[in-house]
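Chemist: Spelled out, the chains give:
2 protein chains.
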Amino acid sequence: MNNSLQTAGILAIGDELVLGQKLDTNSQWLASRLTELGYEVITHQLVPDDQQTIADAIQTLMANAHLVICTGGLGPTLDDLTRQSLADVLNDKLVTDDQAIAQLKAFFKDIPMPKANLAQALRPAHAVCLTNPVGTAPGLLYKADSTIIACLPGPPSEMMPMFDQLAEHHLAQQHADNAIHQRLIHTVSMGESELATKLGSLMDRGNDPAVGTTASGLIVTCRLRTTGNRAKLDLIENQIRQHLGDVVFGVDDQTLPQTIISLLKEQNQCLAAAESCTGGMLGALLTAASGSSDAYEGGWITYTNEMKQKCLGVPADIFSQQGDGAVSQICARYMALGVLKHAPDVHHALAITGIAGPCGATPDKPAGTVWIAHASRTSEPDVRLFHFKGSRQQIRRYACISALAMLHRALTHAAPRRLVFERTPSED
Amino acid sequence: MNNSLQTAGILAIGDELVLGQKLDTNSQWLASRLTELGYEVITHQLVPDDQQTIADAIQTLMANAHLVICTGGLGPTLDDLTRQSLADVLNDKLVTDDQAIAQLKAFFKDIPMPKANLAQALRPAHAVCLTNPVGTAPGLLYKADSTIIACLPGPPSEMMPMFDQLAEHHLAQQHADNAIHQRLIHTVSMGESELATKLGSLMDRGNDPAVGTTASGLIVTCRLRTTGNRAKLDLIENQIRQHLGDVVFGVDDQTLPQTIISLLKEQNQCLAAAESCTGGMLGALLTAASGSSDAYEGGWITYTNEMKQKCLGVPADIFSQQGDGAVSQICARYMALGVLKHAPDVHHALAITGIAGPCGATPDKPAGTVWIAHASRTSEPDVRLFHFKGSRQQIRRYACISALAMLHRALTHAAPRRLVFERTPSED
Numbered sequence: 001m002n003n004s005l006q007t008a009g010i011l012a013i014g015d016e017l018v019l020g021q022k023l024d025t026n027s028q029w030l031a032s033r034l035t036e037l038g039y040e041v042i043t044h045q046l047v048p049d050d051q052q053t054i055a056d057a058i059q060t061l062m063a064n065a066h067l068v069i070c071t072g073g074l075g076p077t078l079d080d081l082t083r084q085s086l087a088d089v090l091n092d093k094l095v096t097d098d099q100a101i102a103q104l105k106a107f108f109k110d111i112p113m114p115k116a117n118l119a120q121a122l123r124p125a126h127a128v129c130l131t132n133p134v135g136t137a138p139g140l141l142y143k144a145d146s147t148i149i150a151c152l153p154g155p156p157s158e159m160m161p162m163f164d165q166l167a168e169h170h171l172a173q174q175h176a177d178n179a180i181h182q183r184l185i186h187t188v189s190m191g192e193s194e195l196a197t198k199l200g201s202l203m204d205r206g207n208d209p210a211v212g213t214t215a216s217g218l219i220v221t222c223r224l225r226t227t228g229n230r231a232k233l234d235l236i237e238n239q240i241r242q243h244l245g246d247v248v249f250g251v252d253d254q255t256l257p258q259t260i261i262s263l264l265k266e267q268n269q270c271l272a273a274a275e276s277c278t279g280g281m282l283g284a285l286l287t288a289a290s291g292s293s294d295a296y297e298g299g300w301i302t303y304t305n306e307m308k309q310k311c312l313g314v315p316a317d318i319f320s321q322q323g324d325g326a327v328s329q330i331c332a333r334y335m336a337l338g339v340l341k342h343a344p345d346v347h348h349a350l351a352i353t354g355i356a357g358p359c360g361a362t363p364d365k366p367a368g369t370v371w372i373a374h375a376s377r378t379s380e381p382d383v384r385l386f387h388f389k390g391s392r393q394q395i396r397r398y399a400c401i402s403a404l405a406m407l408h409r410a411l412t413h414a415a416p417r418r419l420v421f422e423r424t425p426s427e428d
Numbered sequence: 429m430n431n432s433l434q435t436a437g438i439l440a441i442g443d444e445l446v447l448g449q450k451l452d453t454n455s456q457w458l459a460s461r462l463t464e465l466g467y468e469v470i471t472h473q474l475v476p477d478d479q480q481t482i483a484d485a486i487q488t489l490m491a492n493a494h495l496v497i498c499t500g501g502l503g504p505t506l507d508d509l510t511r512q513s514l515a516d517v518l519n520d521k522l523v524t525d526d527q528a529i530a531q532l533k534a535f536f537k538d539i540p541m542p543k544a545n546l547a548q549a550l551r552p553a554h555a556v557c558l559t560n561p562v563g564t565a566p567g568l569l570y571k572a573d574s575t576i577i578a579c580l581p582g583p584p585s586e587m588m589p590m591f592d593q594l595a596e597h598h599l600a601q602q603h604a605d606n607a608i609h610q611r612l613i614h615t616v617s618m619g620e621s622e623l624a625t626k627l628g629s630l631m632d633r634g635n636d637p638a639v640g641t642t643a644s645g646l647i648v649t650c651r652l653r654t655t656g657n658r659a660k661l662d663l664i665e666n667q668i669r670q671h672l673g674d675v676v677f678g679v680d681d682q683t684l685p686q687t688i689i690s691l692l693k694e695q696n697q698c699l700a701a702a703e704s705c706t707g708g709m710l711g712a713l714l715t716a717a718s719g720s721s722d723a724y725e726g727g728w729i730t731y732t733n734e735m736k737q738k739c740l741g742v743p744a745d746i747f748s749q750q751g752d753g754a755v756s757q758i759c760a761r762y763m764a765l766g767v768l769k770h771a772p773d774v775h776h777a778l779a780i781t782g783i784a785g786p787c788g789a790t791p792d793k794p795a796g797t798v799w800i801a802h803a804s805r806t807s808e809p810d811v812r813l814f815h816f817k818g819s820r821q822q823i824r825r826y827a828c829i830s831a832l833a834m835l836h837r838a839l840t841h842a843a844p845r846r847l848v849f850e851r852t853p854s855e856d
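Going line by line, the protein sequences match chains A and B. Heads up: the first sequence begins at 1 in our numbering, then just goes up one per residue. Heads up: the second sequence begins at 429 in our numbering, then just goes up one per residue.
Part of the chain A face toward chain B, derived, beta carbon under 8 angstroms:
#1 Glu16
#2 Gln21
#3 Ala31
#4 Asn117
#5 Leu282
#6 Gly291
#7 Asp345
No wet-lab data here; the hints were simulated from the structure. All of these numbers come straight from a predicted model, not from anything done at the bench. A virtual CB, placed ideally from N, CA and C, is assigned to each residue, including glycine.
All chains, full assembly: derive it from the sequences and hints.
Modeler: So, in structure tokens, the structure goes:
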């Protein structure tokens with residue numbers, strides 16, 4: 001093998017993928033990882049659970065790429081045919097792998113192993129098994145002089161760690177001149193077009209590094225890409241940070257909840273929250289990373305008016321005919337102050353109350369109307385009105401991200417800024 | 429054309445897709461629509477912005493499918509090459525389409541049209557343009573006796589309405605005998621291989637309807653597929669329900685949280701929950717569907733020991749040196765009983781406490797150790813130990829689904845059953 005660019009092809013296997021019952025996300029993830037490793041990904045293909053079709057597809061990809069990565073079809077059932085197809089391609093018999101049997105037995109040590117799982121210990125004679133630390137399906141690896149074929153399980157949670165193992169032990173790092181380097185710079189609180197205007201000529205076509213933006217939820221991400229010298233990314237990252245200032249919250253894998261937890265820890269502070277329409281989603285986001293209990297105490301999911309009164313002391317008259325109702329500035333304020341009162345150790349409280357829709361929407365308060373409050377021990381509560389647009393799930397997610405954006409700006413002492421989807425109540 | 433099954437191949441075009449910078453969602457959408465129309469989708473492929481590669485891919489798909497649908501590569505820039513590739517395939521020259529020019533001019537009537545957009549009015553001489561009501565890129569259509577090739581724009585918002593137009597005017601509704609019908613039957617509480625064993629010969633290859641299974645989280649789904657007579661699905665669904673009994677909770681789009689909310693509403697009952705390691709995820713799942721407030725009151729996210737004591741009355745000595753700690757049978761039990769006490773209107777309480785890891789894991793209580801309690805007004809609390817395997821996020825999700833599975837079995841008066849990943853404490 002020389003230093004010329006190594007090519008890779010990706011094959012996803014499964015009726016449910018080809019029929020459109022399920023979205024294939026594995027191939028994108030693999031393509032992105034392979035590109036980072038310096039491979040040129042030449043194609044992705046999806047094929048059904050058919051032994052001959054799978055074998056033909058592997059054969060075609062082998063003829064065109066140095067590396068073929070397959071996902072799916074390694075389960076214990078009759079429609080899992082990747083093992084047989086690879087054996088056909090290699091003109092091999094299937095044999096039982098002793099180590100794989102031992103690992104299956106370990107996985108099932110506390111419960112009887114269904115007979116069907118034994119099929120998962122089969123491999124083509126000239127292939128080896130790849131250990132699955134998470135599930136029952138071992139992967140398969142065939143390595144020849146100029147070709148590598150790896151078959152990985154379909155569930156992303158099993159596929160990803162197995163690919164990382166494979167990359168570490170079996171895929172030679174490609175020549176450094178060919179490696180593509182990428183960096184993501186994440187922002188919140190600013191819309192994509194305002195951000196693009198601020199970046200100006202940094203986004204011109206043909207620039208190196210290339211700079212693009214993508215928006216997902218309320219997070220707008222700048223994507224930087226260059227070939228060869230990684231240091232070029234640092235230079236552009238600095239320029240981008242100068243242009244964008246306090247809306248940048250993280251790079252690459254870093255999430256907004258992680259940034260919030262880190263900032264709170266740095267400042268020796270902690271947080272609790274009261275959630276209505278988000279139903280626990282804010283808490284789930286904050287606790288997605290390990291170690292969040294140092295900065296997040298917990299909270300109340302006060303989905304009904306009764307829970308808002310009982311748990312947080314929101315006055316009953318707010319919910320009466322004459323009151324402003326649960327989706328109001330005063331209710332959000334009481335919820336946040338109730339959190340500070342009932343969690344006496346916390347420094348910050350967030351409260352979210354709104355209409356995620358479609359139920360509960362009225363002409364006055366359409367779906368997407370959400371009040372968010374941030375209260376702390378040291379300042380007046382900051383209570384804001386948002387009119388989010390989107391599906392129920394999007395509105396709930398936007399509300400969580402906006403609550404975190406408010407806290408992010410408070411913790412970083414950022415300048416006042418009207419957030420995306422924010423409205424002044426008088427506009428109504 | 430005869431009544432035999434028409435086949436379709438899908439081709440997505442774009443460097444950003446092949447490199448994994450962007451997820452292709454068009455192909456899944458198209459596959460699902462084509463299947464509904466009675467086409468058998470045989471493969472999806474993704475290729476980069478390279479004229480020859482695109483042409484080769486179209487040619488290969490043409491040889492194997494009656495219908496080829498391409499997306500992407502119709503924009504105005506230099507890397508948009510689908511027009512040229514289709515011309516190569518058809519051995520055609522590119523000509524300017526007068527109607528497309530008129531439509532471009534109409535689109536740009538208020539602003540100057542960039543010169544580059546003129547390229548979008550080009551088409552292979554033997555193809556026709558498909559109108560784009562939303563954007564600037566017309567589609568392309570080539571129709572011969574036994575082959576149709578359609579090229580649609582990449583942005584889903586432009587692609588989808590153009591496909592719907594195409595389907596209405598150019599894709600003959602397949603003979604009803606060829607229409608493919610699908611059904612999903614969702615189960616929880618049983619592993620995939622035990623389920624496959626119970627289904628036995630129902631899953632044999634070549635059966636009609638075809639029956640396959642997929643597992644996602646702890647939900648195992650049977651996928652039924654048949655051609656022609658939809659009633660065959662009902663027959664097999666009944667047989668599957670007989671084989672699987674009370675682990676079936678829904679069909680097609682129905683989720684487990686939706687089933688739980690429906691069952692509670694039917695029985696005029698409601699639920700509250702206490703969450704520790706799941707941090708609100710259970711609440712977020714239960715409130716994902718509109719109208720859940722009729723059956724879900726809310727809950728407590730008691731992420732710290734202090735919150736468990738303060739909000740739910742878990743005795744402090746559980747957390748002392750001599751106590752069993754927060755991840756214990758007794759703590760889960762107290763949490764569930766605390767919910768019943770502090771939410772006096774609810775009939776059911778769920779409580780989850782465990783170690784999602786990697787922080788907090790000990791040799792005694794490794795990551796994945798989770799206690800789940802279900803308490804009601806009418807019976808002794810049911811408290812179970814689980815040893816989940818997987819990432820932090822998976823463990824949290826498994827815990828939520830297992831809690832819902834316990835409640836599902838209680839609400840349906842199902843027979844006692846050891847759940848997936850459940851352990852008896854004495855095994856430790």
